[in-house]
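Taken in sequence, the protein lines are chains A and B.
Under numbering that gives the first Met the number 0, the letters of the first sequence match residues 0 to 81, in that order.
Under numbering that gives the first Met the number 0, the letters of the second sequence match residues 0 to 81, in that order.
Take these hints with a grain of salt, some might be off.
Below, simulated DSS-like cross-link-like pairs (lysine-lysine); rule was C-alpha separation at most 27 Å, straight line [claimed, not checked]: (1) B:K9 to A:K39; (2) A:K39 to A:K9; (3) A:K39 to B:K1; (4) B:K9 to B:K39; (5) B:K39 to B:K1; (6) B:K39 to A:K39; (7) B:K39 to A:K9; (8) A:K1 to B:K39; (9) B:K1 to A:K1; (10) A:K39 to A:K1; (11) A:K9 to B:K1.
Far from chain A, by Cβ distances over 12 Å, these chain B residues were calculated [stated by the list, open to error]: (12) G11; (13) L13; (14) I65; (15) V66; (16) I67; (17) P76.
Facing chain B, from chain A, some residues (calculated, C-beta under 10 Å) [what the hints assert, rightly or not]: (18) S7; (19) A21; (20) A30; (21) A46; (22) E56.
Don't read these hints as lab results, they were simulated from the structure.
Quantities reported herein were computed from a predicted structural model and do not represent experimental measurements.
Ideal Cβ positions, reconstructed from N, Cα and C, are used throughout, including at glycine.
Number of protein chains: 2
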Amino acid sequence: MKARVTVSLKPGVLDPQGRAIAHALQGLGFASVRDARVGKVIELEVAPGTTEAEVAEMARRLLANIVIESFRVELEPAPGAP
Amino acid sequence: MKARVTVSLKPGVLDPQGRAIAHALQGLGFASVRDARVGKVIELEVAPGTTEAEVAEMARRLLANIVIESFRVELEPAPGAP
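Chain A with its partners taken away, still in its complex shape (with noise of 0.2 Å):
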């Protein structure tokens, strides 16, 4: 089954590279873009029976930097499991 954790930056935390992409998208023309932030989303294969529980523990001690940053835990059981 899949797990997915995506990790963002906590709000207030400055952003450069998002600033950047904003910035980026403004200067080609796409002038409805106001702000940009980015995070980044690991997707893991893990053992059936796998519990949210387990993957935010995973998240907490490797996946995410729990000072600066948030992250959402997801999982999606195996296609035809019940």
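Using the hints, position chain B against chain A.
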């Protein structure tokens, strides 16, 4: 309103960062992890009325390298919008 672009490597493209994450999680004792792949998520603040097609065009022109990456666009209407 917000638009989210999720960019991931196409299947078959080698992902050394994902491989390193999978090994590190296994080393930390998370034996249920079989594989990991890393992508990025760009959260855009865009003007109301921006269409999914416009955001997809931003992804094609700047946010994703469509030779090796695929992307998905999601629009979130502003809170309180109909």
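Legend entry - Hint check, failures only: The structure conflicts with no hint, since it agrees with every one listed earlier.
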